[in-house]
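Engineer: One line per chain: the protein sequences are A and B, in this order. Heads up: the first sequence begins at 1 in our numbering, then just goes up one per residue. Heads up: the second sequence begins at 1 in our numbering, then just goes up one per residue.
If you are wondering where the hints come from, they were derived from the structure by calculation, not from laboratory data. Model, not experiment: these values are computed from the prediction. A portion of the hints provided could be inaccurate.
Unchecked claim - Per label pair, the in silico range of CB-to-CB distance:
#1 A:Leu395 <-> B:Ser29: 31 to 39 Å
#2 A:Gly314 <-> B:Asp414: 34 to 42 Å
#3 A:Leu395 <-> B:Leu147: 38 to 46 Å
#4 A:Gly204 <-> B:Glu73: 37 to 45 Å
#5 B:Glu73 <-> A:Gly96: 35 to 43 Å
#6 B:Asp77 <-> A:Gly186: 38 to 46 Å
Unchecked claim - Below, a list of computed lysine to any residue pairs in the SDA-like style, where the Cα atoms sit at most 20 Å apart:
#7 B:Lys74 <-> A:Leu384
#8 A:Lys54 <-> B:Gly109
#9 A:Lys54 <-> B:Lys28
#10 B:Lys107 <-> A:Gly66
#11 B:Lys74 <-> A:Gln412
#12 B:Lys107 <-> A:Arg20
#13 B:Lys107 <-> A:Asp382
#14 B:Lys74 <-> A:Gly66
#15 B:Lys107 <-> A:Asp363
#16 B:Lys304 <-> B:Asp244
#17 B:Lys225 <-> B:Ala288
#18 B:Lys28 <-> B:Cys117
We treat Cβ as the ideally placed atom computed from N, Cα and C, and that holds for glycine.
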Amino acid sequence: MEQFDYVVLGASHAGLEALRAIRAHDADGSIAVLDREGRLPVSPTVLPYVVSGKRPEDRIALRERGWFDDLQVAYRQQAHAAALDTAYSRLRLADGREIGYGKLLLATGAAPAIPPIEGLSDVRFHVLRTLDDALALREVASAAGRSAGRAVVLGAGLVGMHAAENLARAGARVTIVEMRDQVLPGYFDATAAARIEGAFRDNGVEVLTGRRVARVAPRAAGCTVLLEGGEACDADVLLVAAGVRPEVSYLAGSGVAVERGVVVDEFMRTAAANVWAAGDVVQTRSFFGDATPAGGILPDAVEQGRTAGMSMAGDPALQPYPGGVSLNTYGFFGRRALSVGRDAPREAGPGWETRVRGGEGSDAYLKIVLCEGRLQGVFGVDVLFDPGIMWELILRRVDVGARADALLEDPQDTARALMSGLWR
Amino acid sequence: MTATPTIAFDAARCDGCGDCMNACASAKSTDGKLAQARIHIIRDAESGRWGVAQCRQCGDPRCASVCPAAALEKGDDGIVAWDAGRCVNCLICTAGCTFGGIAFSAKEGYVVKCDQCAGAPQCVAACTRGALRYVTTAKLYNRWGELEDLFVPGLGGCQGCNTELIMRHTLRRVGSNTVLATPPGCIPGMGSVGYNGMLGCKVPVFHPLLTNTASMLTGIRRQYKRKGRNVTALALAGDGGAGDVGFQSLSGAAERGEQILFVCVDNEGYMNTGAQRSGSTTYGAWTATTPVGEGARGKTQDAKNLPLLMMWHGCEYVATASTAFMEDFYAKLEAALDASERGFAYLHLYSPCTSGWRFPSASNIEVARKAVETNFAVLWEYRREHGLKLSRDIDDPAPVTDYLKLLGKFRHLDAAQIAHIEQHVAEQAQVMRELAAMRPGDGLFDRSPSNFLNAAG
Ligand SMILES: Cc1cc2nc3c(=O)[nH]c(=O)nc-3n(C[C@H](O)[C@H](O)[C@H](O)COP(=O)(O)OP(=O)(O)OC[C@H]3O[C@@H](n4cnc5c(N)ncnc54)[C@H](O)[C@@H]3O)c2cc1C
Ligand code: SF4
Ligand code: SF4
């Protein structure tokens with residue numbers, strides 16, 4: 001059995017950042033990174049650009065082999081973890097090999113969640129999480145585009161919206177079906193979402209919000225999607241983008257606690273000794289300590305990966321992970337929407353303050369949310385600011401009360417000037 | 001990982017003229033029209049101060065860590081470079097950066113960031129206010145990093161002391177063909193000579209008396225020479241050992257023009273033995289032997305200007321340096337080493353003493369910097385053939401109190417004592433100014449030290 005001081009499972013954002021953090025502190029410990037794929041690591045986030053054809057699949061690798069060699073990390077492809085034995089500190093792979101670890105990081109990300117829709121298992125449908133998924137979708141998108149075929153996208157989250165745009169640009173007639181009453185729920189408020197939705201409609205995409213799918217039935221080469229309330233849409237291409245679930249199948253019986261994801265503490269330690277977890281596989285606590293959506297995004301995966309790696313290596317500079325802050329940079333039809341942090345709750349107390357500019361018809365929309373003078377969230381469509389600075393202002397709980405007007409007027413320069421004074 | 005040159009911003013000097021932004025916008029233009037500047041100068045209306053948003057070329061660039069397309073990478077030149085052929089315009093890098101260092105340009109249609117103009121930043125060139133500086137110290141560190149460290153690991157200095165930095169950097173550059181003298185003081189106290197029969201460094205090192213460092217080095221250097229071997233005779237000594245107890249031998253060696261490189265690490269007292277005052281201790285300062293209490297308010301004499309005394313010897317080379325200005329220190333070390341082949345070279349380094357001067361261990365370099373910025377410690381260089389030159393402008397110093405207030409040893413000062421120190425600092429600066437204005441052609445700084453003395457007197 002091979003044995004390493006550190007084993008990182010999953011060579012994507014969380015895993016790669018952890019490798020760097022481990023090596024930054026421990027120059028000598030043996031490290032292996034295992035990934036189930038038989039190719040260089042690829043970010044799920046880049047996949048929409050593979051589907052659209054903007055980037056060829058051979059120019060998107062997150063790291064080349066040389067990067068692993070330089071770090072003296074054993075990089076193993078086609079190493080698919082099947083079971084974890086925490087009592088004996090070893091992993092069993094799908095091909096029967098076993099690998100022992102001193103310390104283990106679970107960074108296996110997430111997989112598409114498949115909603116329990118009647119008939120779904122009887123039809124051909126697509127998801128978008130791996131490069132194979134993207135290549136398959138690119139293929140059918142261009143076929144559907146050529147024949148002006150019909151595509152139905154289930155779910156108006158980031159993945160669904162990206163894919164819908166790809167399909168529409170390829171020439172397909174696209175319908176998005178979203179259960180909740182706006183697109184991008186959880187990322188943007190209703191006003192911002194309406195602007196984005198408008199852009200999709202202007203580009204010929206049909207957006208059905210507040211609608212549920214009752215059933216899916218096979219039809220010739222495609223399928224028919226029957227909505228609750230009776231309506232039906234034919235689809236040559238069906239894409240299911242109804243959220244994700246953590247990739248934890250190999251954890252059964254391991255003693256690693258899993259709820260909505262792997263349960264971790266502020267140093268990304270799981271319930272099992274010598275096992276850490278980071279990224280989409282984890283159940284991320286919100287920075288705000290409330291039910292605001294947290295985790296499931298790339299910047300969080302990186303932060304968590306770094307925290308886990310530093311903790312594993314015993315780096316004294318380790319800081320507790322502060323909790324997830326929602327952070328999105330979303331481009332659609334050449335326009336941009338940015339969101340950082342949380343919106344005010346429905347029953348906001350007296351400490352809350354929300355400022356908005358640009359309603360319907362104006363050329364930009366911006367909303368700033370404060371609580372007791374501290375920045376909570378910034379949401380903009382067609383307005384530029386630096387999301388990274390806003391993130392830092394939120395994490396540092398900086399009092400921006402006196403600058404609220406200026407922030408609304410010019411979020412980019414105001415936040416930059418404030419931040420510049422806070423460095424050093 | 002290599003260190004990277006930095007574009008440093010001094011908010012106090014910036015008046016928001018915007019010349020840097022214009023220079024950048026035209027430097028980055030590809031079509032004759034102004035591009036989006038990669039540096040932004042912005043005013044915080046609340047504090048009234050100017051701030052900057054510009055890429056810091058992070059050692060640990062988070063923009064690159066979060067890029068899903070591997071379009072950003074820190075290169076061997078230290079620059080975090082952006083690859084247009086890989087970027088997918090997702091803007092996640094702008095969420096990773098907390099400096100506003102990478103931002104979407106509506107004009108160009110993609111994200112843009114500073115690349116320091118291949119080593120010649122146009123913003124810095126355009127800044128006439130001195131608010132932007134291109135700090136290339138990192139290049140020197142990289143070069144120094146490749147030189148062998150000739151001290152053993154684990155020298156036992158006080159936390160935050162800059163003496164270890166001075167020692168290691170000096171010996172790296174001076175190299176292994178060296179005999180090193182470290183008279184009693186903090187430097188041997190840290191273990192540079194060694195413990196338990198083990199050497200503290202990789203060159204022959206000895207521990208002379210406080211009084212005879214320069215004479216022992218004289219003998220060693222001459223003996224090697226007689227045997228046909230050219231070694232560098234290096235002293236790393238404290239200010240007490242150099243300027244008080246050891247001054248007789250130092251002065252003699254300088255006067256004779258012995259080929260010695262004498263580095264004085266000035267922490268303004270006998271700090272190794274419990275912080276007693278020395279001739280270099282500042283007026284008013286607390287030390288163990290100039291206490292503060294009912295009858296006493298610290299030292300009652302002014303510090304003597306040891307480097308200036310050494311200059312009056314007409315040495316081959318004399319300079320003052322500070323670890324807050326490393327390029328300057330390195331350049332002077334280089335010059336001193338070279339001069340020590342011809343005659344006596346003396347290098348005087350300011351070394352704030354974390355424990356004896358009573359300031360937090362993290363602020364050593366800051367204290368050293370303030371000493372220079374307030375003219376408390378003037379940086380200059382004297383070459384026999386060129387005379388004295390100031391290393392930086394001293395005409396617009398920060399208030400001396402900016403320096404005094406950093407240090408516990410001055411906490412008790414009353415207004416009269418502060419005024420005394422201020423006046424002394426101003427007088428010393430004026431002396432330096434006048435000396436710097438003199439030229440060898442004035443009949444001063446002549447080959448003969450006596451000539452120099454006569455003319456100046
Ligand atoms: C289409 C799409 C668009 C997105 N857009 C954005 C966006 O714009 N902004 C944003 O912030 N986030 C976005 N995300 C989310 C972002 O990609 C994820 O948050 C991020 O990739 C999480 O990183 P991770 O390292 O935790 O997991 P993943 O990136 O999912 O990587 C998991 C790794 O583990 C490996 N693995 C899985 N199971 C095993 C096993 N059993 N054995 C061995 N290896 C295994 C996989 O091969 C993979 O390499 C998007 C996601 C998708 C799918
Ligand atoms: S863009 Fe920002 S994160 Fe990236 S190197 Fe520059 S300062 Fe650092
Ligand atoms: S905008 Fe370009 S450089 Fe920035 S994160 Fe996206 S792909 Fe990388």
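Engineer: All hints, please: hold or fail.
Structural biologist: Hints and how they fare:
1. A:Leu395 <-> B:Ser29: 31 to 39 Å: 36 Å, holds
2. A:Gly314 <-> B:Asp414: 34 to 42 Å: 50 Å Cβ-Cβ, so the 34 to 42 Å window is violated.
3. A:Leu395 <-> B:Leu147: 38 to 46 Å: 40 Å, holds
4. A:Gly204 <-> B:Glu73: 37 to 45 Å: 39 Å, holds
5. B:Glu73 <-> A:Gly96: 35 to 43 Å: Given about 38 Å between the Cβ atoms, the range holds.
6. B:Asp77 <-> A:Gly186: 38 to 46 Å: Taking Cβ atoms as reference, aspartate 77 of chain B and glycine 186 of chain A lie about 42 Å apart, which means the hint holds.
7. B:Lys74 <-> A:Leu384: The hint is violated at about 26 Å.
8. A:Lys54 <-> B:Gly109: It holds: about 15 Å lies between the C-alpha atoms, which stays within 20 Å.
9. A:Lys54 <-> B:Lys28: Violated, at roughly 25 Å.
10. B:Lys107 <-> A:Gly66: 36 Å, violated
11. B:Lys74 <-> A:Gln412: This hinted pair is violated, its Cα atoms lying about 26 Å apart.
12. B:Lys107 <-> A:Arg20: With a Cα-Cα distance of about 35 Å, the restraint between lysine 107 of chain B and arginine 20 of chain A is violated, given a limit of 20 Å.
13. B:Lys107 <-> A:Asp382: Distance of about 14 Å is within 20 Å: holds.
14. B:Lys74 <-> A:Gly66: It holds: about 15 Å lies between the C-alpha atoms, which stays within 20 Å.
15. B:Lys107 <-> A:Asp363: Cα-Cα ~17 Å, so holds.
16. B:Lys304 <-> B:Asp244: Holds. Lysine 304 of chain B to aspartate 244 of chain B sits at ~10 Å (cutoff 20 Å).
17. B:Lys225 <-> B:Ala288: 43 Å, violated
18. B:Lys28 <-> B:Cys117: 9 Å, holds
Going through the hint list in order, the structure does not satisfy hints 2, 7, 9, 10, 11, 12, 17.
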